[in-house]
Amino acid sequence: MTKKTDVVIIGGGINGCSLAYQLAKQDIDVMLLERQHLCSGGTGRCGAGIRQQWSTKENAELAIQSVKIFEQLDKELNAEIGLRQGGYLIAIHDEKELKQAEKNVALQKSLGLQVSVIGPDEIQKIVPILDIKGMRAIAATFCPTDGHADPFKTTDAYAQAARRHGAKLQTYTKVTGIKKKKNTIECVVTNKGKIKTSTVINAAGPHSKEIAEMINIKLPIKPLRKEILVTERVQPLFKPMVISFTDGIYFSQQEGGQILGGISNPNEKNGYFSDPTFFFLQHMAQTLLRYAPSLNTVNVIRQWTGYYDMTPDARPILGEVKGVSGFLQCNGFSGHGFMLSPMVTKLLTEYIVDGKTSEILHNLSLDRFTDKNIEKEAYVVG
Amino acid sequence: MRITQHPILEYDRRKEVRFTFNGKQMNAFEGESIAAALHANGVMTLSHSLRYDRPRGFFCGIGKCSSCFMTVNHIPNIRTCIVPVQQQMTVTEQEKLGKIPCTPFIPKKKENITREIVVVGGGPAGMCAALAAAEQGASVLLIDENNAPGGQLVKQTHKFFGSTEEKAGTRGIDIAKELLNGLKNKKTIELRTSTTVIGYYENEHMHRVIAVRRLIQGDQLLEISCKKMIVACGAMENLLAFPGNDLPGVYGAGGVQTLMNVYGVKPGDTVVMVGAGNVGLIVSYQLLQARVNVDRVVEAMPRIGGYQVHAAKLRRCGVPICTSSTIKEAFGKNHVEGAIVTKVDDCFQPIPGTEETIPCDTICLAVGLTPSIRILEQAKVRSEYIPEAGGTVALHNPFLETTKNGLYVAGDASGIEEASTAMIEGELAGVSAAISLGYNKNGSEVQQKCKNALQLFRSGPFGRIPKICKEKISSCLACEEGGTQY
Ligand SMILES: Cc1cc2nc3c(=O)[nH]c(=O)nc-3n(C[C@H](O)[C@H](O)[C@H](O)COP(=O)(O)OP(=O)(O)OC[C@H]3O[C@@H](n4cnc5c(N)ncnc54)[C@H](O)[C@@H]3O)c2cc1C
Ligand code: FES
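Protein sequence lines, in the order shown, are assigned to chains X and D. Residue numbering for the first sequence follows numbering that gives the first Met the number 0, starting at 0 and increasing by one per position. Residue numbering for the second sequence follows numbering that gives the first Met the number 0, starting at 0 and increasing by one per position.
Note that these hints are calculated values from the structure, not bench results. Glycine included, C-beta positions come from ideal geometry on N, C-alpha and C.
Covered, in the sense of this in silico footprint (three residues per stretch, anywhere, with C-beta under 8 Å from a C-beta of chain D), are these stretches of chain X:
#1 227 to 234
#2 267 to 278
#3 290 to 297
Capping the alpha-carbon separation at 25 Å, the derived lysine-lysine pairs in DSS-like fashion look like this:
#4 X/Lys-345 x X/Lys-3
#5 X/Lys-124 x D/Lys-98
#6 X/Lys-208 x X/Lys-180
#7 X/Lys-132 x D/Lys-107
#8 X/Lys-3 x X/Lys-180
#9 X/Lys-132 x D/Lys-108
#10 X/Lys-95 x X/Lys-132
#11 X/Lys-132 x D/Lys-98
#12 D/Lys-379 x X/Lys-268
#13 X/Lys-238 x D/Lys-95
#14 X/Lys-167 x X/Lys-195
#15 D/Lys-14 x D/Lys-183
#16 X/Lys-355 x X/Lys-67
#17 X/Lys-238 x X/Lys-132
#18 X/Lys-173 x D/Lys-379
#19 X/Lys-95 x X/Lys-108
#20 D/Lys-183 x D/Lys-158
#21 X/Lys-321 x X/Lys-208
#22 D/Lys-98 x X/Lys-238
#23 X/Lys-345 x X/Lys-67
#24 D/Lys-466 x D/Lys-450
#25 D/Lys-226 x D/Lys-403
Throw the hints in and build the complete structure from the sequences for me.
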């Protein structure tokens, strides 16, 4: 193993791999460390939905820019990432939700997004299997360029491109410590030896908190178990991802015909609980059938769990932290790290390569939590 | 295609049933699976592969490979090999992905069941486990996903080896009948067939499993809690990689047994058997009994793996057993039309120039089994890959208890062996589970008897591999670290 490198990336998920690719492309000597296999964290477990309809400006902007990158990624990486833009349909159940939705749509439109509020008839047209009464919807918002990509194919495409540019991706290598001298990083300690470096990017999902603690930085991240299931394949029925913030449900049909989706558990406690629950299976099945009763003969074939890396305002923590130079965060995605990754990693790469900062990096830095009036992202699902 | 005369078996064909396939009327007999009935009517292609549109047929016959997915009474993705055919049923081939029906939604209430012991899998191991536990006084629920219990045992027309106490000299089918009768006569055993356990969930002090009961009008969910659980869900047949291995007409050996010996349907007219272990040899002989021509048995190893008696029987009937040979390719348009076999060298590589083309319509694979341990994996028991076991197996102590308290494993699921030892393992697991609940009529004696019998079986020349397997399992169990934690 090389003992010295410019940048160490901790975590082999979508964010780590995308960073490795972009940095290596700029001729930076980079090494990615992953304690298991690539995609073993949130990335390999997620719904991989791509949504641009957000309530805060930063998230909306990051997502809109990310979609532009996703749209040309096949070409850029010379691979197939399985992007499908079938839209996101967000159910609205009452007047209060409608008001918030109208406000958000206005914000999103001001950023150039094609999005609208639609009525029940239109909902039925776009997703015929929905039971408007059953799902108790009065309206919805719909953005046709939202969609979904294959998280494994996308991560693998980044990883392969990173390797082609000379990045070293070390799997089954666990970071056990970080050493610093005064305020600069000296080396990263792993179960396979030490690596000298001056820059570390912390992209370890919920485990980012433990990584930061290695040099006494406190990240306000809490792991929250999230469950998800997939059904057998059936003929194509609908294209968009259907979600509801009130019911906490999201579901879509994959290219292969499987219905994939999850639902939040209002009683879930923070912590590393990895077991799938029967509560989820039942709760999800019952709610899904309320939304789409005709799925009643479809078999569930698998359920599994992952973690959201939750922050107090449900927005990511990005960029260099005060106190330790060369220690960068790329975590705290709170359940939306796949869709934001192209733009987030681009901004971080620009910062490392050219020292370029941006308003987004500033607004989403760790420092924001010292401010009492942080703006909270309202549009969190699953 | 139906077998009318058989030296050993009689088929129950009292009641005729009419159903349609793609709109065409067809006849079947009550008790037959849909796939077997179609086979008897000459329908070999049951589905087409999603990506390359290749025809697929009957392969495993026990619901484990998905090549028989069809739409039945408008419900897609039905495993037709384990669903019995019924009067007026409509069966259609799917246009690849199945279409969901537009039926009104009638929710069926979930049933909650609590039982002292639950046995998953009604093959020889599971039946013996249920009987042994009930014998000591425990109440037992026995679950099987097929529509009748018996597992692989109901397909074994040959006589068993071993000591007379372990039913040697008796045919597998007769042992199965005896066990089935035993089950029926025990009031403390409840049997649920056509019921699949789909998940294991943590629960305080209890094991909790979720099962689906397949009914004609739709499925029902069962939530089952129990103090002790015995997993005896058998094994899956291995597939071999060669061009054409997915053509209709390529079967697993167990699939062929199911067709012939359970339903009385011939798989074809001329067979090439791949694998000369006991399964390959025995099924070849059973094929001859069903008046199917066996062209030859090919075996990649330089010597025959199964018992000499079985090999000798085949040879007497003029079936050549070709060692250091394997199948290179299966060919045919919509169904197997022939096989190319070849000699292999010491490193199992094909020797160029030794290829031979054999016209045949059936290729039967008897190339080993892999333990089914998915429920155990969900329960997060410690497991380990052990080649002698046929794959990854749950570590277990001499009483078959896994690393999870009160969760037992028995039969092929605990490492591939054979029906005789599966029955003893089942008995030992059943009796041990009962004892741990405080039921002990003569349990300790039964335990000792079972342990002795297993030792005896595994001390012979053919017990060598299972013996190594069990030794490895106990040494893995002994070391603190290691073993995959799920
Ligand atoms: C059920 C579910 C559904 C979701 N749905 C969506 C969705 O629809 N759309 C969306 O955009 N997002 C979704 N998400 C969120 C998304 O999965 C994550 O935000 C995203 O994958 C994060 O990627 P990452 O690269 O930051 O982290 P991860 O993919 O979690 O990668 C972090 C990696 O770091 C490694 N690691 C940890 N500690 C160490 C160490 N000490 N040393 C070395 N390596 C270490 C881990 O093994 C892991 O592989 C969902 C998440 C879940 C759980
Ligand atoms: S699942 Fe029916 S043949 Fe294998």
